[in-house]
Every structure is written in C-alpha cells, then in structure tokens.
Amino acid sequence: MNSPDQPADPPLLEMRGIEKTFPGVYALKGVDLTLDRGEVLALVGENGAGKSTLIKILGGAHPPTAGTLRVDGLQADISTPHASQQAGIGIIYQEFNL
1 MNSPDQPADP PLLEMRGIEK TFPGVYALKG VDLTLDRGEV LALVGENGAG
51 KSTLIKILGG AHPPTAGTLR VDGLQADIST PHASQQAGIG IIYQEFNL
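Numbering (the working numbering), first residue to last: 1 to 98.
Simulated from the structure, these hints should not be mistaken for lab results.
Beta carbons are placed, not taken as given, at the ideal position from N, Cα and C, and that holds for glycine.
Some hints could be false.
As the list claims (entries may be wrong) - Restraint ranges, calculated between C-beta atoms of paired labels, are given here:
id, residue 1, residue 2, range
1, Q75, N97, 28 to 36 Å
2, L41, E19, 15 to 23 Å
3, D32, I91, 15 to 23 Å
4, S52, H82, 14 to 22 Å
5, F96, A8, 34 to 42 Å
6, N97, A8, 36 to 44 Å
7, G48, P10, 28 to 36 Å
8, G73, E46, 30 to 38 Å
9, G90, V44, 14 to 22 Å
10, Q85, L33, 18 to 26 Å
Generate the whole structure from the sequences, applying the supplied hints.
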C-alpha cells in the first residue's frame with residue numbers, strides 16, 4: 001500500500017486509443033485498457049469483436065493503426081513479436097498449432 005507521499009506504481013500495461021484498420025474494415029476503434037500488477041483480465045465477446053486483433057497487437061503480429069501502448073509506465077513500440085517479448089509480454093493461445 002502506498003502512503004500519500006509515495007506515487008502509485010504505474011499500470012503494468014496501458015493501452016490508449018488503440019485502433020486497427022484493415023482495407024475497408026475498422027477492426028478496433030478507440031480501445032482503452034489498463035492492467036495493474038496482480039490483476040487478471042479476460043477478453044470476452046462475439047466472433048469478430050476484435051479480441052484476437054487486440055491480442056495480435058500486444059504480441060507484435062499486427063501494429064496498431066493508432067494509439068499508444070505503455071508497459072510498466074514506459075512507452076512501448078511493439079511492432080514485432082521479438083519487441084513484444086523484450087517488453088515482457090507473452091501470449092498463450094487457447095489452441096496450440098504447430
């Protein structure tokens with residue numbers, strides 16, 4: 001617990017204004033997400049809601065069209081899977097395909 005004199009820890013993951021477009025399609029528009037240390041997050045939605053697209057942005061498979069991503073309070077450029085791993089992000093998919 002932080003005292004009033006100590007600043008709060010930054011969120012572990014913060015996404016602001018994330019957008020992703022594909023030709024003729026807005027896959028994500030204005031997504032804001034904050035994940036603090038110790039929190040567990042579930043993404044739930046209908047088919048085509050953008051869950052996989054959001055995860056692929058976090059994993060570096062798709063760069064966002066717009067928005068910012070911060071990891072541990074620092075601006076993160078996650079444009080490749082390697083950059084995602086370097087930022088400490090790991091993705092575990094529901095079904096594993098070789």
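For each hint, the structure was consulted:
no.: 1; hint: Q75 to N97: 28 to 36 Å; in the structure: holds, 32 Å
no.: 2; hint: L41 to E19: 15 to 23 Å; in the structure: holds, 20 Å
no.: 3; hint: D32 to I91: 15 to 23 Å; in the structure: holds, 20 Å
no.: 4; hint: S52 to H82: 14 to 22 Å; in the structure: holds, 20 Å
no.: 5; hint: F96 to A8: 34 to 42 Å; in the structure: holds, 37 Å
no.: 6; hint: N97 to A8: 36 to 44 Å; in the structure: holds, 40 Å
no.: 7; hint: G48 to P10: 28 to 36 Å; in the structure: holds, 33 Å
no.: 8; hint: G73 to E46: 30 to 38 Å; in the structure: holds, 33 Å
no.: 9; hint: G90 to V44: 14 to 22 Å; in the structure: holds, 21 Å
no.: 10; hint: Q85 to L33: 18 to 26 Å; in the structure: holds, 20 Å
When the structure is compared with the earlier hints, no violation turns up for any of them.
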